[in-house]
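**Q** Top to bottom, those sequences are chains L and C.
Position one of the first sequence corresponds to residue 1 (the working numbering), numbered consecutively onward.
Position one of the second sequence corresponds to residue 1 (the working numbering), numbered consecutively onward.
Calculated from the structure, these hints are not laboratory results.
Here a beta-carbon is modelled for each residue, glycine too, at the ideal position from N, C-alpha and C.
No incorrect hints appear here.
Footprint (simulated), chain C over chain L, 3 or more residues, beta carbon under 8 Å:
id : segment
1  : 17 to 31
2  : 35 to 42
3  : 49 to 57
4  : 65 to 75
5  : 87 to 98
Pairs of lysine to any residue residues, derived as SDA-like cross-links and limited to a Cα-Cα distance of at most 20 Å, are as follows:
id : chain 1 : residue 1 : chain 2 : residue 2
6  : L       : Lys84     : L       : Ser121
7  : L       : Lys77     : C       : Ile5
8  : L       : Lys84     : C       : Ala34
9  : C       : Lys2      : C       : Leu18
10 : L       : Lys24     : C       : Met62
Non-contacting residues of chain L with respect to chain C, defined by C-beta distances greater than 12 Å in every case (computed):
id : residue
11 : Glu139
12 : Ala167
13 : Ala232
14 : Val245
15 : Pro249
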Amino acid sequence: MLELYGEEISSRLFLGTAQYPSPKILADAARRSGTEILTVSLRREAAGTGAGGKFWDLIRELDVRVLPNTAGCHSVKEAVTTAKMARELFGTDWIKLEVIGHHDSLQPDVFGLVEAARILSEDGFKVFPYTTDDIVVGERLLEAGCQVLMPWCAPIGSARGPVNPDALRAYRAYFPGIPLVVDAGLGRPSHAAQVMEFGFDAVLLNTAVAKAGDPVVMAEAFSKAVVAGRAAFEAQPLEPRDMAVPSTPVIGMAVFE
Amino acid sequence: MKLIINGEEQEVTSSTLLGLLDELAYEHDFLATARNSELVAAEERARCLLIEGDRIEILSPMQGG
Numbered sequence: 001m002l003e004l005y006g007e008e009i010s011s012r013l014f015l016g017t018a019q020y021p022s023p024k025i026l027a028d029a030a031r032r033s034g035t036e037i038l039t040v041s042l043r044r045e046a047a048g049t050g051a052g053g054k055f056w057d058l059i060r061e062l063d064v065r066v067l068p069n070t071a072g073c074h075s076v077k078e079a080v081t082t083a084k085m086a087r088e089l090f091g092t093d094w095i096k097l098e099v100i101g102h103h104d105s106l107q108p109d110v111f112g113l114v115e116a117a118r119i120l121s122e123d124g125f126k127v128f129p130y131t132t133d134d135i136v137v138g139e140r141l142l143e144a145g146c147q148v149l150m151p152w153c154a155p156i157g158s159a160r161g162p163v164n165p166d167a168l169r170a171y172r173a174y175f176p177g178i179p180l181v182v183d184a185g186l187g188r189p190s191h192a193a194q195v196m197e198f199g200f201d202a203v204l205l206n207t208a209v210a211k212a213g214d215p216v217v218m219a220e221a222f223s224k225a226v227v228a229g230r231a232a233f234e235a236q237p238l239e240p241r242d243m244a245v246p247s248t249p250v251i252g253m254a255v256f257e
Numbered sequence: 001m002k003l004i005i006n007g008e009e010q011e012v013t014s015s016t017l018l019g020l021l022d023e024l025a026y027e028h029d030f031l032a033t034a035r036n037s038e039l040v041a042a043e044e045r046a047r048c049l050l051i052e053g054d055r056i057e058i059l060s061p062m063q064g065g
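Only chain C is shown next, with the shape it has when bound in the complex:
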């Protein structure tokens, strides 16, 4: 299915957010995730079911002022 991941359309097979992070080879530490502009907490990722067209944001710490 096609998802919008960090602003780019990608074809993926995972059905959950946790699976998606594994599929894309993300390290699970130091990440925050959102689905369709709502936070998905780390402990909820395994239960977060993905559907076609979902917009996923995967963020991590970065320098800031």
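Chain L on its own, in the form it takes in the complex:
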């Protein structure tokens, strides 16, 4: 069982709620995935529409935990104020902290991220930082009060999968006992299985499901891949070898001349 800030979570697949073809497909995909954590955001509400309320009703019907994000924030001040507004709105002190450094790469501003993480942790937030695979930044985030780390495996929405698997393996090895969630860049279920085999504790994804031809079926596919990858990690996979090793015993072979 995965434990995050003292809460036990069964499903190791966290799902985003954006970009689905319809609210119904979002709801169906979330149910089919078996996820217990959905990420949500907050944006300007137009007067008299009640749009945010309708979305929130849909999410609450799914009866899962929500993880609000600070997506789109480019400064510490923006991220901290957005987190405080999210805490009031969603009634949770969990926050997926994003401080974006570049408009094009959506790479985290890790300096602002650490500063914001410290401010929010001291204010009682339970921070889930969207970060890079840089181990030193991970250390700083832990020092700032984070008890979970969420490194990317590729740029947000890129669907490229683990572009630097060695870095992710090193990251896992360097932070034993810390819940690690691969957040961003996954494109296919095999990518999710791969990082779970590395020993990551969970994956967080959105676009790979929402923009698939059939998001509901893809949600199930990712769910199975995450389960398979975790089981493989726990079963201790064989390490690659440089040379061939026969799998069929050679002792007792007949000799024909």
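Please build the complex by placing chain C on the supplied structure of chain L, with the hints as guidance.
**A** For chain C alone, coordinates are given in the frame of chain L:
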């Protein structure tokens, strides 16, 4: 007085944030508000006095990744 509400300048008459939400016909549920980049909690809106040029943000839940 003129305020910047969700990034757009608007002429309003309300003197408090709570009054402003009513004046603009916002439903009070599912909203989070900020004045000049600082959170104004729901229970503080009635006491939050507005002055010319304040920047008001009115946010609600939305899809996110």
